[in-house]
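Asks: Here is what each chain is made of, one letter per residue.
There are 6 protein chains.
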Amino acid sequence: MTDITRADGRTPDQLRPVTIERGWSKQAEGSALVSFGNTRVLCTASFTNGVPRWMAGKGKGWVTAEYAMLPRSTNDRMDRESVKGKIGGRTHEISRLIGRSLRAVVDMKALGENTLVLDCDVLQADGGTRTAAITGAYVALADALEWGREHRFIGQRATPLIDSVSAVSVGIIDGTPMLDLAYVEDVRAETDMNVVVTGRGLFVEVQGTAEGAPFDRRELDSLLDLALGGAETLAGIQTSVLAEGC
Amino acid sequence: MTDITRADGRTPDQLRPVTIERGWSKQAEGSALVSFGNTRVLCTASFTNGVPRWMAGKGKGWVTAEYAMLPRSTNDRMDRESVKGKIGGRTHEISRLIGRSLRAVVDMKALGENTLVLDCDVLQADGGTRTAAITGAYVALADALEWGREHRFIGQRATPLIDSVSAVSVGIIDGTPMLDLAYVEDVRAETDMNVVVTGRGLFVEVQGTAEGAPFDRRELDSLLDLALGGAETLAGIQTSVLAEGC
Amino acid sequence: MTDITRADGRTPDQLRPVTIERGWSKQAEGSALVSFGNTRVLCTASFTNGVPRWMAGKGKGWVTAEYAMLPRSTNDRMDRESVKGKIGGRTHEISRLIGRSLRAVVDMKALGENTLVLDCDVLQADGGTRTAAITGAYVALADALEWGREHRFIGQRATPLIDSVSAVSVGIIDGTPMLDLAYVEDVRAETDMNVVVTGRGLFVEVQGTAEGAPFDRRELDSLLDLALGGAETLAGIQTSVLAEGC
Amino acid sequence: MTDITRADGRTPDQLRPVTIERGWSKQAEGSALVSFGNTRVLCTASFTNGVPRWMAGKGKGWVTAEYAMLPRSTNDRMDRESVKGKIGGRTHEISRLIGRSLRAVVDMKALGENTLVLDCDVLQADGGTRTAAITGAYVALADALEWGREHRFIGQRATPLIDSVSAVSVGIIDGTPMLDLAYVEDVRAETDMNVVVTGRGLFVEVQGTAEGAPFDRRELDSLLDLALGGAETLAGIQTSVLAEGC
Amino acid sequence: MTDITRADGRTPDQLRPVTIERGWSKQAEGSALVSFGNTRVLCTASFTNGVPRWMAGKGKGWVTAEYAMLPRSTNDRMDRESVKGKIGGRTHEISRLIGRSLRAVVDMKALGENTLVLDCDVLQADGGTRTAAITGAYVALADALEWGREHRFIGQRATPLIDSVSAVSVGIIDGTPMLDLAYVEDVRAETDMNVVVTGRGLFVEVQGTAEGAPFDRRELDSLLDLALGGAETLAGIQTSVLAEGC
Amino acid sequence: MTDITRADGRTPDQLRPVTIERGWSKQAEGSALVSFGNTRVLCTASFTNGVPRWMAGKGKGWVTAEYAMLPRSTNDRMDRESVKGKIGGRTHEISRLIGRSLRAVVDMKALGENTLVLDCDVLQADGGTRTAAITGAYVALADALEWGREHRFIGQRATPLIDSVSAVSVGIIDGTPMLDLAYVEDVRAETDMNVVVTGRGLFVEVQGTAEGAPFDRRELDSLLDLALGGAETLAGIQTSVLAEGC
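Chains A, B, C, D, E and F supply the protein sequences, listed in that same order. For any residue, its number in the working numbering is found by taking its place in the first sequence, counting from 1, and adding 662. For any residue, its number in the working numbering is found by taking its place in the second sequence, counting from 1, and adding 662. For any residue, its number in the working numbering is found by taking its place in the third sequence, counting from 1, and adding 662. For any residue, its number in the working numbering is found by taking its place in the fourth sequence, counting from 1, and adding 662. For any residue, its number in the working numbering is found by taking its place in the fifth sequence, counting from 1, and adding 662. For any residue, its number in the working numbering is found by taking its place in the sixth sequence, counting from 1, and adding 662.
Check the hints yourself; a few may be wrong.
Which copy is meant is left open, because identical chains are indistinguishable; a pair holds if it fits in one copy or across any two.
Below 20 Å or equal to it, Euclidean Cα-Cα: the simulated EDC-like pairs (lysine to aspartate or glutamate) are [as the list claims (entries may be wrong)]:
(1) Lys771 x Glu873
(2) Lys722 x Asp878
(3) Lys720 x Glu775
(4) Lys748 x Asp805
Just so you know, the hints here were simulated from the structure itself, not pulled from any lab data.
Just need the whole structure built from these sequences, with the hints factored in.
Replies: Shown next as structure tokens:
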């Protein structure tokens with residue numbers, strides 16, 4: 663890594679301060695208020711016994727997610743999607759990404775006929791809202807699964823969680839690959855990539871987009887290196903948060 | 663008042679613990695995270711120079727509000743209104759109530775051609791979300807108006823805020839009038855009333871509904887007494903929160 | 663009361679001419695075309711044996727209401743809500759108010775598993791459409807319940823109607839409290855209140871709003887006095903209309 | 663014609679009793695409550711000076727129509743299209759038919775840059791709602807054009823109305839062609855046709871549909887004969903209604 | 663017929679070149695890419711065993727249709743109805759027309775409890791898209807019924823298809839009745855008529871509209887003559903296409 | 663590569679037969695009917711002089727895309743999104759992907775204030791519809807830009823097209839990386855990746871998803887190798903199609 667310093671003083675391969683307030687909500691079976699710097703996302707996991715009708719009778723569970731931003735989570739107020747009467751493409755895209763990411767670490771057979779809905783609501787946005795959401799949702803999910811076990815909806819010997827999962831953004835700015843972009847960096851990035859990685863270091867999603875100029879194989883490789891490093895740190899934070907009593 | 667004790671140990675004329683975290687959001691011109699017991703509402707005030715086209719050229723400003731609940735703010739998860747593609751009657755009703763309540767204490771001429779949007783998002787619900795929203799939104803509004811003055815969108819001698827405003831619920835449970843109902847009380851109330859009161863003790867809104875049996879004039883009077891008392895306490899809290907440096 | 667005379671020659675405590683044309687519709691189980699002066703609302707009551715699925719098996723009935731305005735019921739044509747693809751907040755609010763008002767005088771156990779839908783369509787609007795709607799809907803409801811009894815969907819000894827209900831608006835104009843505001847009065851009112859009262863003189867709803875300046879306790883009291891007087895007259899009209907053969 | 667007698671005692675070539683209550687609405691520039699037997703439609707014509715932006719500057723006017731049914735205009739209550747959030751195909755189709763029918767008798771140049779919206783709301787339905795709507799809307803239109811002339815939005819020498827227009831349904835029931843079908847007849851008709859005819863006896867619209875079995879040229883001819891006869895009667899009623907002072 | 667020559671060299675009573683590519687789609691049970699000159703419509707027929715719940719248990723089938731235009735099937739790009747979030751009146755109207763036209767030649771009892779959905783998507787539009795759609799949809803329908811018989815969802819002796827059906831437009835241009843209008847002709851037509859005719863020469867639908875001036879009985883007669891001639895030619899093309907092996 | 667043979671006889675690194683019918687539509691400024699095996703997508707490019715209002719005055723153009731599937735392009739008929747009244751997440755996601763992919767090879771300054779809309783409608787689907795859409799849309803875009811130059815909306819010396827772009831899917835099936843998955847392969851793939859590559863071999867988008875098990879770095883590398891090979895072949899086909907006279 664070079665000795666470039668970023669606007670907030672970080673080195674290119676450094677995450678922003680990450681905190682996960684586990685059990686923030688008194689209502690949900692699992693919850694976490696996650697912060698990646700000034701980005702703050704409230705993640706709740708709702709556990710329901712049973713599955714949607716079209717899935718019933720197969721002995722398998724279901725995990726899904728919904729993402730949304732509060733209207734004034736951003737610098738300029740956005741109109742509410744409920745007021746507009748439809749959900750935008752970006753919201754759909756991120757909701758689907760979060761759902762796939764969490765399903766990748768759940769054994770649906772072991773979950774049994776139970777449903778988990780992860781709600782990720784961005785209270786404050788400063789870049790990386792989808793990666794913070796995935797990282798926090800995993801903690802909420804873990805607690806909701808534990809709740810399900812305690813309430814005997816999940817078998818005592820079943821292990822529905824087969825790995826942990828976190829996500830981080832990487833991008834190339836002025837030719838330098840950087841980890842965990844804040845909003846001011848995100849808008850300047852030539853290439854922007856979101857990478858979802860399991861605790862064991864395997865890829866769940868790799869989504870790279872050339873915002874400015876197309877990128878070559880070497881640049882792609884260096885971004886993937888950075889992302890794997892960041893994901894390892896995030897997995898460590900998740901582990902220690904879940905190790906504490908809630 | 664009788665010596666009846668409530669589920670959470672309060673006397674009939676006692677508010678739940680009320681806190682107002684001023685300036686919670688880094689993005690909005692004014693903001694407050696308000697709690698009435700376990701009810702928590704994030705209120706942001708967005709200040710925009712200019713007014714909607716149909717109001718332009720009259721030298722007057724505009725104040726409006728939008729209320730919403732996070733899907734898992736409640737004990738059972740609710741579907742998102744953005745997903746359903748339409749806003750329910752209750753949401754509309756409360757958004758309109760909050761907007762009217764705040765407009766009652768703003769001098770639109772003194773505000774000048776500026777727009778304020780109050781967003782009140784319920785993060786956790788335990789009864790009284792609309793009254794907490796109004797009470798918190800006033801604090802966010804006051805700070806956003808100050809921001810407008812500092813940025814010279816509002817004249818230095820103008821005093822757009824002509825009074826403070828707060829709101830509280832009252833209800834009759836087993837024949838006893840009670841202040842600031844928590845959710846378990848709300849569902850049992852025979853009569854439920856939301857009262858919006860200015861800092862000077864004048865009524866802005868009185869909305870009483872017989873949920874169980876119709877109520878008589880005497881009961882109505884005792885509810886109004888309780889509400890005026892609660893509103894006085896809330897006005898005091900607002901004043902001291904706004905007296906601190908933000 | 664003072665000797666103030668209103669635009670249409672009424673005294674402050676006088677209702678407009680009120681007529682209720684019972685059985686206006688040949689299709690509905692109960693119906694009434696109600697007029698409060700130039701305000702004309704067609705109220706129909708649709709009786710269905712059975713209840714929505716989520717209520718079935720509890721031995722209880724359901725009463726609900728929908729309110730709407732014809733596009734040219736007003737002085738300026740309004741766009742249809744069906745064309746806009748969504749129902750506005752005001753429409754939702756009034757539909758809910760009508761529903762609650764009528765449910766307050768129905769014993770759901772005595773109704774049994776039957777559903778009543780009250781449709782209140784404003785043919786011509788001149789202030790007080792929601793209060794006329796409630797007053798007319800009660801008559802339609804009474805006839806539909808009678809229809810249900812004749813067709814043996816309601817037990818012969820059951821008395822689902824436990825009281826009558828009507829509604830009236832009151833407001834303060836130039837400092838004078840006035841009863842049953844016409845449109846030109848409504849837009850000038852400093853305070854506007856809709857009061858729903860049973861035949862026995864008990865309150866079902868009290869909805870007061872400071873349109874101009876907040877109001878004090880004494881003003882509130884005088885408005886409530888006026889409303890109770892108006893409601894008594896309306897109850898008398900309902901009684902005599904229902905006493906005639908249909 | 664044969665000596666067949668219909669359920670309501672009419673001969674096959676007889677219209678139901680037709681009445682047109684001109685000026686029913688105090689708000690609209692023109693209005694008519696039209697009845698074809700038990701079918702009752704409230705038609706209002708809203709006159710606005712100016713045209714939609716995409717038509718401006720061409721010196722031509724615009725005439726459009728919207729049709730809707732009250733939810734309990736029919737024997738079974740229908741859901742409101744505003745509640746469903748979308749307009750059904752039948753409603754669209756009839757609104758478009760009414761608009762085209764009235765535009766056929768208006769000289770848009772003579773109308774000048776003015777807009778007329780015809781609202782046809784079915785208060786009670788018993789077959790033939792679209793034909794009653796067209797017949798009544800013409801009367802409302804004529805009065806609204808007169809209003810436009812009086813208010814000098816239309817030139818004093820301009821004659822925007824070039825003919826009158828009415829409509830009637832015809833159908834074949836048990837092999838017999840019949841005029842102006844009531845609902846019980848409509849559902850039994852093998853072939854159903856709506857014919858829109860000007861006062862001079864020219865066709866504006868011919869819409870024939872084989873509901874049961876396809877029809878041959880001879881049957882088509884006899885239906886057209888019947889329709890022209892009925893339209894002549896309707897034109898006479900329109901003329902005499904418009905001849906009276908309003 | 664006169665010796666008038668049309669823009670594309672046709673005589674007034676001549677169809678454009680008509681081709682029907684049977685079995686265009688590998689996915690659908692029946693399909694046809696139909697061309698009337700430059701108008702090209704892809705028609706697919708989807709066969710499903712079973713009927714919608716509200717029809718079940720009556721031993722009858724159901725046939726329905728949906729029509730749509732690709733956004734750039736026309737000379738100027740149109741917005742997608744899916745993006746606008748609602749279906750326009752014209753689309754609804756044509757979908758309903760296609761459905762009725764095909765149902766007129768199907769014996770629902772012989773079809774049994776099976777459902778056929780005809781999708782008619784306009785790939786390129788040059789006038790007469792609805793008539794091309796009906797003509798092509800019949801071929802797709804015939805093949806899908808054959809598929810149903812082969813798969814034993816339809817009895818081997820049942821003959822659900824009781825006739826063939828096709829459609830053609832006719833119109834009056836500069837006083838001359840013409841067959842099968844291309845777009846440039848359609849916009850100039852004073853009167854425009856779509857006629858749906860069975861293989862035996864019976865009418866299913868007659869929809870004539872005066873776009874410019876109302877039309878008289880003689881004009882109507884000459885248009886019907888032209889249409890019957892065109893429909894005979896189309897029926898012949900359908901027969902020979904279906905006679906070939908698919 | 664191994665000697666594994668696929669269901670359709672291809673080797674793992676072999677594309678399906680790819681054809682591009684350039685100029686399929688007579689209406690659009692550019693168009694292509696592209697086939698990847700049985701997947702067929704009609705791509706049209708609509709050129710409009712001018713840009714949306716929010717972009718005007720910056721001397722830059724805009725390129726956007728919309729993707730949709732015909733209801734019976736798939737094996738089971740899907741409901742139309744226009745009928746459902748909303749666009750699904752997958753549709754949004756793919757439309758956005760196509761738009762970004764084409765913008766990556768357009769110099770917006772050189773394009774000038776012109777707008778291009780690419781419509782990609784799937785006529786028949788057998789896997790890889792989004793990659794076929796991007797590959798075909800590029801050809802339509804190139805022709806529409808040429809049209810813009812000929813009509814002098816684009817400067818004669820401007821070169822808005824800075825590279826070509828195509829896309830291909832890759833996936834791992836039973837442990838073997840494979841190129842250009844057909845539908846039966848797609849549903850079995852453990853990992854599925856769509857790669858968008860410019861003619862010069864640079865990445866525009868890399869979207870890899872673990873459908874079954876997460877994937878490691880080595881697997882990711884082999885998928886990227888395969889994709890770059892496939893993209894090179896596609897770029898060659900695009901070049902030769904565009905070299906022919908249209």
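Asks: Hint by hint, say whether it matches the structure.
Replies: Going through the hints against the structure:
Only between protomers do lysine 771 and glutamate 873 lie at most 20 Å apart by alpha-carbon distance; the minimum there is 16 Å, versus 40 Å within a single protomer. Taking the closest pair of Cα atoms, lysine 722 and aspartate 878 never come within 20 Å of each other, the shortest separation being 42 Å inside a single copy and 26 Å across copies. Taking the shortest Cα distances, lysine 720 and glutamate 775 sit within 20 Å of each other inside one copy (8 Å), while across copies they are farther apart (29 Å). Taking the closest pair of Cα atoms, lysine 748 and aspartate 805 never come within 20 Å of each other, the shortest separation being 32 Å inside a single copy and 32 Å across copies.
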